[in-house]
Amino acid sequence: MATLHLFPGERSALLDLLADLSPADWDAPTICTGWSVKDVAAHLLGDDIGRLSWGRDGYVNPAFTAGLDIEILPGLVAAIDRQNAVWVEGTRRVSPRLLIELLRMTGELTEANFQRLDLQALGMPVDWAGPEPAPVWFDVAREYTERWVHQQHIRDAVGRPGLKERQWLAPVLETFVRGMARPLAGVAAPEGTALRLTITGEAGGEWITLREAGGWQLGNDPAIAATATVELDQDVAWRLFTKGITKDEARQSAVITGDAALAERALDIVSILA
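All letters in the sequence shown, in the order written, are residues 1 to 274 by the working numbering.
Treat the hints loosely; a few may be bogus.
Distance windows between CB atoms, simulated [claimed, not checked]:
id : residue 1 : residue 2 : range
1  : M124      : D20       : 34 to 40 angstroms
2  : D118      : R93       : 36 to 42 angstroms
3  : P190      : G34       : 44 to 50 angstroms
4  : R116      : T33       : 32 to 38 angstroms
5  : K243      : M124      : 21 to 27 angstroms
6  : R82       : T257      : 28 to 34 angstroms
7  : E165      : E206      : 18 to 24 angstroms
8  : G214      : R97       : 23 to 29 angstroms
9  : G159      : H5        : 24 to 30 angstroms
10 : G34       : G219      : 22 to 28 angstroms
By construction, these hints were calculated from the structure, which means they are not laboratory data.
These numbers come from a predicted model, not from an experiment.
Ideal Cβ positions, reconstructed from N, Cα and C, are used throughout, including at glycine.
Make the full structure from the sequences, and use the hints.
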């Protein structure tokens with residue numbers, strides 16, 4: 001799945017959005033608890049700087065793991081949350097104008113760094129999908145979703161919808177559904193059991209997670225008979241997968257058929273570290 005070509009357009013849209021904000025807009029609260037629009041923009045800058053520092057330059061923050069075991073998922077999440085909080089607090093002295101200028105620069109550098117990578121090679125795990133090494137293209141796609149989602153948080157906060165067209169949102173959903181197998185990992189089911197997830201809307205699609213001898217595997221073969229089916233609207237789906245809405249809120253508009261207990265597992269997909 002290709003996402004690298006989307007980075008320049010996503011960043012350009014973000015910069016145009018930020019340049020048009022009023023002082024009140026910059027201070028508006030977002031769904032990210034305790035963070036304003038300006039804080040979310042600063043967090044995106046931190047994403048770029050962090051990725052360039054360790055991914056391009058091989059530099060590891062020596063304080064990142066202090067007192068925490070990042071070999072287990074809760075410890076990794078705690079370390080990331082702590083680092084993010086320290087970064088956002090430290091950048092509150094940075095002006096909106098300077099944030100925009102820095103985001104323009106780091107956006108270009110980040111894309112250039114991704115361009116030099118072998119996208120088919122195995123790299124670091126995408127932890128919310130599983131502990132196994134992941135193809136580099138998947139890691140890059142995860143980085144795209146991070147930037148797209150936080151731009152949506154800003155857009156929601158200031159009432160400026162955008163980037164919901166298929167070219168922007170479909171790759172986000174395609175990436176997120178790769179987290180389907182994780183909530184199914186502990187489900188005992190006979191081989192051939194299948195959970196179908198249908199996401200409606202311009203950017204939607206259909207995916208099957210099939211129980212095979214080695215575990216649950218994601219696919220998209222429409223010929224497979226589903227044991228359970230869950231249908232979600234595209235806006236509900238991405239918000240659910242990023243914990244922007246609760247499972248109960250998503251269930252209100254979900255259409256579930258077949259094995260209800262199995263279908264519920266699709267509502268447990270979390271495609272962020274949280």
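Verification of the hints:
1. M124 / D20: 34 to 40 angstroms: 36 angstroms, holds
2. D118 / R93: 36 to 42 angstroms: For D118 and R93 the Cβ distance comes to about 39 angstroms; the hint holds.
3. P190 / G34: 44 to 50 angstroms: 46 angstroms, holds
4. R116 / T33: 32 to 38 angstroms: 36 angstroms, holds
5. K243 / M124: 21 to 27 angstroms: 22 angstroms Cβ-Cβ, so the 21 to 27 angstroms window holds.
6. R82 / T257: 28 to 34 angstroms: Between R82 and T257, where Cβ atoms are some 43 angstroms apart, the hint is violated.
7. E165 / E206: 18 to 24 angstroms: Holds - the Cβ-Cβ distance for E165 and E206, about 19 angstroms, lies within 18 to 24 angstroms.
8. G214 / R97: 23 to 29 angstroms: Because 53 angstroms falls outside the window, the suggested range is violated.
9. G159 / H5: 24 to 30 angstroms: With Cβ atoms ~29 angstroms apart, the hint holds.
10. G34 / G219: 22 to 28 angstroms: Distance hint for G34, G219 is violated at roughly 40 angstroms.
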